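Given the coordinates of chain B, assemble chains F and X onto it according to the supplied hints.
Protein chains in written order, with our numbering: chain B, 1 to 95; chain F, 1001 to 1290; chain X, 2001 to 2466.
Please note that the accuracy of each hint is not assured.
Quick list of simulated restraints, FRET-style, between CB atoms [what the hints assert, rightly or not]:
#	chain 1	residue 1	chain 2	residue 2	range
1	F	Gly1286	X	Glu2112	56 to 64 Å
2	F	Ser1137	X	Ile2307	46 to 54 Å
3	F	Pro1205	X	Gln2366	31 to 39 Å
These are computed hints drawn from the structure, not numbers from a lab.
Computed from a predicted model, the values in this text were never measured in an experiment.
For each residue, glycine too, the CB sits at the ideal point set by N, CA and C.
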Amino acid sequence: MDAGVSFEDRMATVEFTIAPDAHIVVDGDSCRGCTTKACISACPAGLFVPTSDGGVLFNYEQCFECGTCYMVCNVAGAITWNYPLGGHGVSFHRS
Amino acid sequence: MEPAPVMVAVALKNISQDTRIDALTGEVERDEPSSALSRADQAALEWALRLAGIWSGGLAALTAGRRPSERVLRTALAAGASRALRVDLAPERPSEAVARALAAGIERLGAQVVICGDMSPDRGSGSVPAYLAAHLSAAQGLGLLDIKPDSSGRAKLQAWRRLDGGRRELLTLHPPCVLSVEGSSAVLRRSSLPAVLATSSGALPIEVMTPAEPTPGPAELMAVGAKTMPFRPRTHLIAPPDPSLDPLQRVIALTGATSDHAPAKTVVADPQVGADSLLDALRSWGELQE
Amino acid sequence: MSDIKGPPPLNESQRSLGYVVPNTRSLQSEHDGASCDVAVVGAGPAGSAAALVLARDGWSVCLLERGSYPGSKNMYGGVIYPRVLDGLLPNWREDMPVQRWVTRRATMVMTETQSLTLDYRTSAWGSPPYNGATSFRPELDRWLAGKAVEAGAVLVEATTATGLLRDPSSGAICGVRTDRPDGDLRARIVIACDGVNSFLAKEAGLYKNLDPSNYTLGIKEVLSLPSKTIEDRFGLSPGQGADFEILGCTGGIPGGGFLYTNLDSLAVGVVVRLPELAASARRPEELVTELKAHPGIAPLVRDGELIEYSAHLIPEGGLDMMPELVCDGLLVAGDAAAMCLAAGIWLEGVNFAIGSGAAAGEAASQALASGSSNARALAGYRDRLESNFVLADHRKLRRAPHLVLSKRMQLSYPQLMCNLMEGVFTVENPSPKPGLTKLVLREAKRSGVSLTELLSDAWTAFRTFG
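Just chain B, with the same shape it has in the complex:
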């Protein structure tokens, strides 16, 4: 319904400097037992994707570093989240 702005175009407006290591770690075993998988819908950067075996695949490269994923996660410790290496990650310019 948004004339012309795909999610990829949306993310393409944001600058990211990709860190060598992931700052998000997801415990796959916890996710397979999770019925809500709220991270998938709530992450504003759409970093979490369900897999066919009931798990969750995640990306860290285009993370806003907001913290939504671990705050909505209903299994304690399933998402371990920290800040990326200094000087890396998202950089806003017009926000």
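Here is chains F and X on its own, set in the frame of chain B:
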């Protein structure tokens, strides 16, 4: 035999992190307060640190620009450079003038191997290293992907550069030489916290030199009187394709993919003759404005 | 070549650099790692305000920023009220980066098809002393951090604080660990201004429990439009700006929307409470898309080209979610201490960050002068917050977040008010006009709000805002 110490210099450019190009006017907007090293310059600094670590002749960082450019020298000092030099130069000078200023600085430092970043995102074309090599009468290895110092510890390098069609060129270089490296060739090490703190504020031993105002070089002479325009590819008049064709055929016709064109020609000649034949070809294609 | 990787030790020239900071007490960086009087973590408005105060008092201050520049990780949703700077930087009007001065403040309630706007305009806010401004946080935060640096603070960018250092005998906090090689920074006091996720405050045990319902997610689009178009659409003079706060636009998820003007761009977005966002399984950016398509908003944002999409968490729980603000060697300020005020018609954060950061800086300075940095010596921080606007406003508006995010306020009242207006202004001749009381009762019933609830909410609102 103990190898002779070789001093390495890294030439760095202070660029804005927040560079935007207006799509309509070609105007470059820069955000001065947050300026830093391009990826290619970061790689150059890393290579310089690695080579200086082997050759024990010290590492000097230099830049050409006004006082704010010293920011990149602070970064280099934090990373491990032992000397820093700023050659005072007005901003927005052509590549040849920048190279001339840097060459004066390198002669003062006495460095034998100079490393630069290849291209920078602020429309830097990577031409400064070539001019620099010319000014220093040094060998050049430009657009390098990888560098291997000689295992014997002698000041000799093997370097790889990218050619068209996925090919690589392997160069063997001896000092004096000027190298430029691609941004992907190395990741700059993180400076230690004490080193960053020591270089974050206060006075630093940054040398400043003001080169004598020289006579304009050839590139500048060419630019005299010429209006500076944002770079744009030259336009070509292309006849509209036959409207009776279907859209795919019209697109193919527009690309010229299937039409006849002059076959590729390899020129083997002395540099001067080779350059002349390149210029002739560009002229015949209408790419050069006289 | 592996032997030459890794950080080089300080070389001769670095060692000889010494330290020439304008302060009397200098940072130590030559032996046994780095140290300073105060380590401020995070160069946002809170951290820079704290660093500014401390550097002016002559203490050596290290201001750590994990982004490659201050503000690079920050976004906000509306208006900055910079008069909090009057005491700290009396000349802020000269060079603070401002997009537009807000002279039009509208509060909008909407349903899917209707909207009702309370629209206040005053040209007074467009000239000194001013009121609210729109700004780009990367520019604003960089400016404020620059003021701290001018005062003598040392800004260290691209450096993430990864944990706290504790004195092995007393257990008091005595510095931070950073992600740089040789990265321990010892400090007599640490001020954590590390934002809404404050890993430092959590590590120190200052947050007793983390309730996701105290947090909202803000999602924003910045849309490019010529400044003339913006001025025409919003009825503004050059330099003047508009700010719309919107209720009832979040698809039933508790929250709100916003639309405000920059110089040549608009910012539009929504703020939604986390548990309900998660339960709804809605995509956050879809909520913004829906808001942009609303008939009351679409004409204002039409043809705006997206130039930046962003998202951030907001601590909206107010006083009830605030952590302990002080422990031995540590102070917490800004979003890290949940100082953001989200009370319906008031949505403020940057001014509370600056206010709390400055108070933390003053308290730390006082403690350092007294020679102690334990919790007792730092207790002046809370006193300062109580006596200035920061905690006074939070205490006064303690009930507001719950009230504003309640189901009736989110869904029933926007419906009720819009329908009421529709009833009042729809001319149904030949039927005569209905009486206002009758309309109120009819619409209250249609919206499923009982008279008792209406009166109870009115009473709560009176007690909250009155």
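Hints versus structure:
About 59 Å separates the C-beta atoms of F/Gly1286 and X/Glu2112, a value consistent with the hinted range of 56 to 64 Å. Under the hint 46 to 54 Å, the C-beta atoms of F/Ser1137 and X/Ile2307, about 48 Å apart, fit the expected range. At about 37 Å, the beta-carbon gap between F/Pro1205 and X/Gln2366 stays in the expected band of 31 to 39 Å.
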